[in-house]
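The residues making up each chain are set out below.
There are 2 protein chains.
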Amino acid sequence: MKMSSLQKNRYEYAPKLPSVLAMPLEKIELRSGIETGSAGDQAALSQIFKKTFGKPIVSFEAGNNPYAHKVLTVGVVLSGGQAPGGHNVIAGIADALRAGSADSRLIGFLGGPSGILQDNAILLTSEIIDSYKNTGGFDMIGSGRTKIETQDQFKSALEVCQKRQLDALVVIGGDDSNTNAALLAEYFVDQNSDICVIGVPKTIDGDLKNEMIEVSFGFDTATKTYSELIGNIERDANSAKKYWHFIKLMGRSASHICLECALQTQPNIAIISEEVEAKKQTLGQIVHQIADIVVGRAKNGDNFGVVLVPEGLIEFIPEVKMLISELNALLADHVEYFSTLNTFEDQAEWVNKNLTRDSSYVFSSLPNNIQRQLLMDRDPHGNVQVSRIETEKMLIEMVDDRLAELKTETKYSGIFSSQNHFFGYEGRCAFPSNFDADYCYSLGYNAVVLAQFELTGYISSIRNLALPASQWLAGGIPFTMMMNMERRQGQEKPVIKKALVELDGKPFQSFISEREVWARESAYVFPGAIQYYGPDEVCNAPSKTLSLEHS
Amino acid sequence: MKMSSLQKNRYEYAPKLPSVLAMPLEKIELRSGIETGSAGDQAALSQIFKKTFGKPIVSFEAGNNPYAHKVLTVGVVLSGGQAPGGHNVIAGIADALRAGSADSRLIGFLGGPSGILQDNAILLTSEIIDSYKNTGGFDMIGSGRTKIETQDQFKSALEVCQKRQLDALVVIGGDDSNTNAALLAEYFVDQNSDICVIGVPKTIDGDLKNEMIEVSFGFDTATKTYSELIGNIERDANSAKKYWHFIKLMGRSASHICLECALQTQPNIAIISEEVEAKKQTLGQIVHQIADIVVGRAKNGDNFGVVLVPEGLIEFIPEVKMLISELNALLADHVEYFSTLNTFEDQAEWVNKNLTRDSSYVFSSLPNNIQRQLLMDRDPHGNVQVSRIETEKMLIEMVDDRLAELKTETKYSGIFSSQNHFFGYEGRCAFPSNFDADYCYSLGYNAVVLAQFELTGYISSIRNLALPASQWLAGGIPFTMMMNMERRQGQEKPVIKKALVELDGKPFQSFISEREVWARESAYVFPGAIQYYGPDEVCNAPSKTLSLEHS
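Which chain is which? The protein sequence lines are A and B, in order. Residues in the first sequence are numbered consecutively from 0, following our numbering. Residues in the second sequence are numbered consecutively from 0, following our numbering.
Chain A extracted, bound-state conformation:
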């Protein structure tokens, strides 16, 4: 197998551990805090999690660990979309197991949670693990989106874990996967199994975050990769001075990525979905705001700029959300009749007649090809495929129309040429930054110590991340502490609360305190490519969001 020079050299990188975990295992002592509650709906949650609710936060400190050399068999599974660092979680687990006993074993379930249900797994030898250390991707054992959430699935999972003689199952995933891990932990205890279920917080989106989880892994690397590209484009815009670049960034349910990239690169405009929703902005208002900034810059002779757009934007615009929900209902109710309408024009006419007056107005205001996407590009359930809507192109077209209006009113005399970009897949599998490499390795290593102490229903927790790795804290947080009840598909369900951008938080406040200057001037910052070597501030700095939130 041919390998890049970087990959060969990254094999040599020794991820940093918090001081407490860098000690011999027998010197790592467990400290338990007081019992915990939940993020909300305590009564309901304590009923659902009869056995695992209310456990204490635990931390590791210098002392004694009587279980340091226990022989353990641990299973690990990757769940959901890729995030840089997944392989290092596994490497951390493997190294901690090896440090404990040469007889401990690590089993990797293949292709995500379905690998558990189908008992599709391999023994992860050091040879395998070493060839993935400090690399991006989830290709060591693959991932998948199957969810283990029904009683039947819980039963199968337990059978497989028992058959495999696991002492612990480590689930590396996002909020949904960790929610299901919490339910699985409860089920295992309820079935009198002592197999621990331990979670690891993963997602580039950054929305698995709370008081106890400072950041999910992958966010650092992904946002650094996107920021590299945004900075390059800013420099291009500022050199050529002829294009407005509209850049859509991955992240459907929260705008953390967009905000972090804005803080790193200082674009002219960055839209934050949570603000749009809080202010109940209309699509028209957003378009007008962008157009006004374009006009302002044109007056200074700057017919160029950079706009960041979060992938999930349109679902945060109340009127568009309403339109999409009406469309989904309308087309579901009239599948057959709708299928007799052969041309887009006929479809659009019929839809317009049957929507509410407000939604019909919104629909009509959309560019023609977005209307087409809404009507024609539908998922197998007949729903609008929101993630495939080219929001960045839609905004370009609408801004262009708005500028044409302003031109006829002689309020604008610039030139508006545009380019569009979408960054997502470009960052999910990058080589993890030193931060993510260290953090992930620590999360994995720490998960094994949790397993040694037979802690189940916990998420592996490494905190104090804005400080150097040696000062990080290690421990575990009960899943239930981060949960509340939410309505999902018509049912009240226990879920780990998704973290949206907090409008009164320091990152957003820092952004709004500067954005007017950024809009007017070209205050671009060029982060450049992620560096794995070099001066400390170049290759070891955490994200701006993390630094601001924990400074």
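Hints in this document: simulated from the structure, not taken from any laboratory. There could be a bad hint or two in this list.
[Unchecked claim] Dumping the calculated SDA-like pairs for lysine to any residue here, alpha-carbon to alpha-carbon at most 25 Å:
#1 392(B) x 399(A)
#2 505(B) x 4(A)
#3 352(A) x 332(A)
#4 497(B) x 43(B)
#5 392(A) x 344(B)
#6 505(A) x 1(B)
#7 392(B) x 522(A)
#8 392(A) x 377(B)
#9 162(A) x 240(A)
#10 392(A) x 392(B)
#11 392(B) x 371(A)
#12 240(A) x 344(B)
#13 146(A) x 413(B)
#14 7(B) x 522(A)
Given the coordinates of chain A, work out where chain B should sit on it, guided by the hints.
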């Protein structure tokens, strides 16, 4: 001004020079070789370049330089699209001037060649230059696409250069800009001016290359940036195992970028336009080839892959080139009538009736939205905007259709889901790789030595680039040596020959010797982000193309 940590640290980087240029200026001696000819059409060229044709290749070696401390005023201009390293060419010029005499001055013309015509320039102080050293972009003085090519323009340029009391004008540009620099050099001599005109070979496309120019600057950084992203996407494809990613890469007239990125990342498919043209492939054949590879991988259970597509592809497919040329002619001849056709359907019907049978067949075989683009998205001269055609989406749609056929013939039973990407602006303004930082700085430094020896009509030449910088050779190549006559806009014109991918060259041969394995297996290589620090092989390696061509 806020700056990234990398930018601050890159200011400290001291670009490497060839040993001969690292000596004190007074020890750099000029050696002249024998008189040169041209790449072709010697008779015509010697008539056009009466004063500057046939000059010798020159090189610098250890010895004596009587002009080392001459006070010089040099003008510099950036021409055309951005390429990483432009600022370092200027830094190299500035440092060589400073090494020669504290009284020497560097004038930067603003906004490209129009800055010369309009005498729009600034004095480039070390303060300005230091704040751009080792950074990407052309924002220090801007760039532009104005061409200095008419007699009137030559006259204005001479007047401005004389008024500015220049001893030399350094033109940093691609093949066209250097062609115009050659004509300007000739004009200056002809007008008895002793202002030297010296070129510097710039373009990320890699098509300004010949026996004497091993690579144009910017190619190294841009292809490393694109390869970073392609590698990340490959890793994602190989982890998620659910998408075929079609990636279009910048570079209209040659496929060097696509070939280099393929050599770096080993995708399943990389289309090389020059091969398509040489084999007179049809669009249908290309689509069938891709589909066959998709089918082959699906048989192994691999319903994913990565395809690289050069931006200029469709202009290299003979039948599509013909279609576009017919469409341009047809619509130019019937502007008024065509404008009376209001719907796409009417337009398409009329066009189909009036194209030749062959072109009508090709037109009809294109996906509907590509037909629309061809008819509706036209430049101010009414021509099809080839660069805006979404070739990668077109291929996806046509492959999808082909696979549907194969499915009905029960020859395919896989799943084809796709994602499309276009990388161009992402790489033109990256921080230059160490290679480009060193190469550019050397090119600029070298240009000043050429000016000290009053050499005009030369391109700054640094060679032996596959070896470490200390072993690089420095000198100058007469523009005319690289020129021939070509038909451009109906006229025979002297031009620097564009270098296309040579199908018998080592890079392409290396590619075809491996591509069948790459198609079948997932032999992906993940280069990762450009590193500016770290082990030598990680941060100082030249491109694969360069290494293969000069190994």
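Original post:
Holds or violated: residue 392(A) with residue 377(B), Cα cutoff 25 Å?
Top reply: holds (18 Å)
Subject >> 25 Å limit on alpha-carbon distance, applied to hinted pair residue 392(A) and residue 392(B) >> reply: The given pair, whose Cα atoms are some 15 Å apart, holds under the 25 Å limit.
Subject >> Agreement of residue 392(B) and residue 371(A) with the hint, judged by alpha carbon distance not exceeding 25 Å >> reply: Satisfied, since the Cα-Cα distance of roughly 17 Å is no more than 25 Å.
Original post:
Taking only the CA atoms, is the gap from residue 146(A) to residue 413(B) under or equal to 25 Å?
Top reply: Judged against 25 Å, a Cα distance of about 24 Å means the pair holds.
**OP:** Decide if the proposed pair is consistent with the structure: residue 240(A) and residue 344(B), CA atoms, cutoff 25 Å inclusive.
**Re:** violated (38 Å)
Original post:
Does residue 344(B) lie within 25 Å of residue 392(A) when you go C-alpha to C-alpha?
Top reply: The given pair, whose Cα atoms are some 24 Å apart, holds under the 25 Å limit.
Original post:
Would the pair residue 392(B) and residue 522(A) pass a check requiring their Cα atoms to be no farther apart than 25 Å?
Top reply: Cα-Cα ~35 Å, so violated.
Original post:
Are the Cα positions of residue 7(B) and residue 522(A) separated by 25 Å at most?
Top reply: holds (16 Å)
Original post:
Do the alpha carbons of residue 162(A) and residue 240(A) lie within 25 Å of each other, as the hint requires?
Top reply: Roughly 64 Å between the alpha carbons, so the hint for residue 162(A) and residue 240(A) is violated.
Subject >> Pair hint residue 497(B) and residue 43(B), alpha-carbon separation not exceeding 25 Å >> reply: Distance ~19 Å between residue 497(B) and residue 43(B) Cα, so the pair holds.
Original post:
CA of residue 392(B) to CA of residue 399(A), is that 25 Å or under?
Top reply: Holds, at about 24 Å.
Subject >> Straight-line alpha-carbon gap residue 352(A) to residue 332(A), limit 25 Å >> reply: Roughly 15 Å between the alpha carbons, so the hint for residue 352(A) and residue 332(A) holds.
Hint check: violations occur at hints 7, 9, 12; the rest are consistent with the structure.
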